[in-house]
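**Student:** Make a model of the complete structure from these sequences and hints.
Number of protein chains: 2
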Amino acid sequence: MPPENNLADLGEFGLISRIAANVTIGHGVITGIGDDAAVTAITPGMQLLTSTDMLLEGVHFRRSWHAPYLLGRKSLAVNISDIAAMGGIPRWATLSLAIPKDCSLEYLDSFTKGFLSMAADHGVALIGGDTCRSNSGLVISVTILGEQLPELIIRRSGARPGDEIWVTGTLGDAAFGLSLLEQEGGTVETPRRDVSTYLISRLLDPTPRTAAGRTLAESGLVTAMIDISDGLMADFGHIAELAGVGGTIQVNALPISPAFQSASQRLSVFPCSFVLSGGEDYELAFTAPVDNRKKIIEITKKSGIDATPVGIVTSSPGVTVIRSDGSEIAPQAHGFTHFT
Amino acid sequence: MPPENNLADLGEFGLISRIAANVTIGHGVITGIGDDAAVTAITPGMQLLTSTDMLLEGVHFRRSWHAPYLLGRKSLAVNISDIAAMGGIPRWATLSLAIPKDCSLEYLDSFTKGFLSMAADHGVALIGGDTCRSNSGLVISVTILGEQLPELIIRRSGARPGDEIWVTGTLGDAAFGLSLLEQEGGTVETPRRDVSTYLISRLLDPTPRTAAGRTLAESGLVTAMIDISDGLMADFGHIAELAGVGGTIQVNALPISPAFQSASQRLSVFPCSFVLSGGEDYELAFTAPVDNRKKIIEITKKSGIDATPVGIVTSSPGVTVIRSDGSEIAPQAHGFTHFT
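Protein sequence lines correspond, in order, to chains A and W.
With the numbering used here applied, the first sequence has no gaps in its numbers, which climb one by one up to 401 at the end.
With the numbering used here applied, the second sequence has no gaps in its numbers, which climb one by one up to 401 at the end.
Think of the hints as simulated: they come from the structure by calculation, not from any bench.
Quick caveat: nothing in here was measured; it's all calculated off a predicted structure.
Errors might be hidden in some of the hints.
Note that identical chains are pooled: a pair holds if it fits in a single copy or bridges any two copies.
As the list claims (entries may be wrong) - Cross-link-like lysine to any residue pairs, in silico, SDA-like; alpha carbons within 25 Å at most: (1) Lys-162 / Asp-291; (2) Lys-174 / Arg-221; (3) Lys-362 / Phe-331; (4) Lys-162 / Val-120; (5) Lys-363 / Asp-352; (6) Lys-355 / Gly-119; (7) Lys-162 / Phe-122; (8) Lys-162 / Ser-388; (9) Lys-162 / Arg-124; (10) Lys-162 / Arg-123.
**Tutor:** Below, the structure is given as structure tokens:
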């Protein structure tokens with residue numbers, strides 16, 4: 062076995078060089094990997110957007126479920142999604158890895174390839190990071206930097222009573238995918254029906270909505286925005302809390318995918334909680350004055366994703382979910398809670 | 062016990078609010094903790110400096126040796142040190158924590174207090190982060206952002222043959238401190254002699270040399286700079302590699318502290334490897350034309366730390382260490398190597 066196939070022989074600096082060799086020149090990168098700090102040039106007039114996420118094996122992902130290439134993609138995607146939610150342009154990222162002994166160099170190469178493919182998809186340059194060994198599982202920590210003109214940045218706090226509540230794409234796919242993985246007890250290699258494949262891929266390989274987020278911000282049509290990582294109820298709840306408002310969500314308006322529809326027909330009860338409270342779809346939830354509806358539908362479609370109005374911002378606090386007849390769905394039916 | 066004393070009751074968002082409540086307004090911070098991404102305004106004309114470090118329990122620190130307040134300070138200090146090494150001004154930081162079950166809220170409060178005290182010492186604002194549970198040890202991931210005018214940023218690659226090699230402060234203290242902790246097998250609370258206390262504090266509570274780094278950069282007197290995290294031999298080696306040069310270091314010129322001197326007298330052999338290859342002093346190593354010597358001594362003293370010339374940059378590659386009589390010290394006597 063040639064020495065470069067062995068991570069211990071390669072060492073920390075060898076691994077960094079190996080990753081750096083695959084990094085292409087990025088927008089505004091003056092000095093990338095290899096000095097004490099990266100040097101980048103922000104676009105004059107723009108402000109800096111910074112977000113960070115840490116993913117731990119056994120907490121956020123399982124190596125048996127998540128192929129390394131897709132795990133690399135997702136670890137950057139969840140960060141890019143935060144820049145999208147501000148209406149920003151993702152630019153630069155750092156990647157820190159704590160690597161357990163049983164992670165081969167081949168595994169790390171595949172992970173890095175996935176990370177850099179997601180970076181290329183969204184115009185992001187890898188500019189630095191840190192690597193070390195881990196005595197337990199794989200730990201991934203990513204920081205994403207983006208930029209945008211101050212007047213275009215969309216915050217959570219801007220929602221106003223009377224605004225419509227919108228979501229991009231479809232909801233609940235990732236949560237449904239997770240339940241399928243949990244039921245099947247499968248591994249990365251398990252062959253699956255098409256419907257399952259789609260739902261599981263939404264969990265394992267989410268697409269951050271950068272084009273939609275940026276287009277919406279630049280349109281001036283929206284008042285608040287957030288990415289849906291913890292489920293619509295929790296994430297719209299953050300908007301409501303910061304804006305000092307509430308909301309009414311129409312359950313029948315919530316967009317679900319054909320795969321979700323098809324898979325749900327195999328269940329005895331419609332999995333409403335996946336749609337309302339399922340995490341990790343990484344769609345955008347946003348609010349906008351009712352008059353902007355037509356334009357929003359147009360510009361999001363042009364950005365490659367449909368957007369759907371799903372409710373109304375209210376001046377009274379609290380988020381309620383109603384059926385098409387106006388009757389309220391009890392909070393305990395909204396779904397499970399995280400972080401307990 | 063009131064619920065806010067229990068981390069599980071507090072939850073992720075409760076913990077974030079608790080940390081955010083102690084964060085003061087920072088330079089250029091437009092939107093801090095609480096949105097999808099932080100928004101900051103870089104000083105017009107300046108470029109962005111980015112660095113990140115991850116610290117794992119059992120790999121980089123032991124909770125039994127490191128009081129949480131000092132661990133909080135150090136986890137930011139090692140990042141600030143990277144900005145100092147570029148001659149930059151540290152501005153903003155993110156903090157991600159994966160928290161094991163046996164970490165109490167009191168522990169985290171103390172950690173955060175330490176982190177924010179280091180932030181206050183160096184004008185850094187905490188602008189975001191991530192928290193989650195850990196199934197194994199405590200994981201700390203920090204990203205630091207700084208800024209500086211493009212023409213003042215000091216890179217590793219600028220060293221020129223004939224330049225003098227300099228270091229700030231004293232070398233080997235942290236490595237000596239580590240060896241004392243290893244020998245003593247003590248804990249945070251073990252009472253110690255003054256000399257040991259100093260050496261151990263250099264390991265557990267390092268001081269990043271921001272004032273010296275920035276002053277040197279703004280003076281235009283230095284050609285290359287790095288912070289000494291892996292020991293002078295390794296870190297000057299990075300400068301040499303990137304600049305395509307070598308160096309000769311005079312062992313008798315290397316600055317050691319009175320505490321180091323005193324503690325070394327209790328050993329049968331002078332611990333040369335601590336000085337040459339001991340990590341974690343977080344002093345600066347830099348290079349400068351010989352003619353700048355007097356001015357460098359003056360301006361670093363004004364910045365609060367002494368700087369000492371310790372060798373000469375050579376055009377031939379490789380770093381050699383010589384005694385005052387010019388004889389070479391064999392590489393195996395330089396010390397231990399890391400990352401094996």
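**Student:** Checked against the structure, which of the hints given earlier come out wrong?
**Tutor:** Hints 2, 3, 6 and 8 are the ones this structure does not satisfy, whereas the remaining hints hold.
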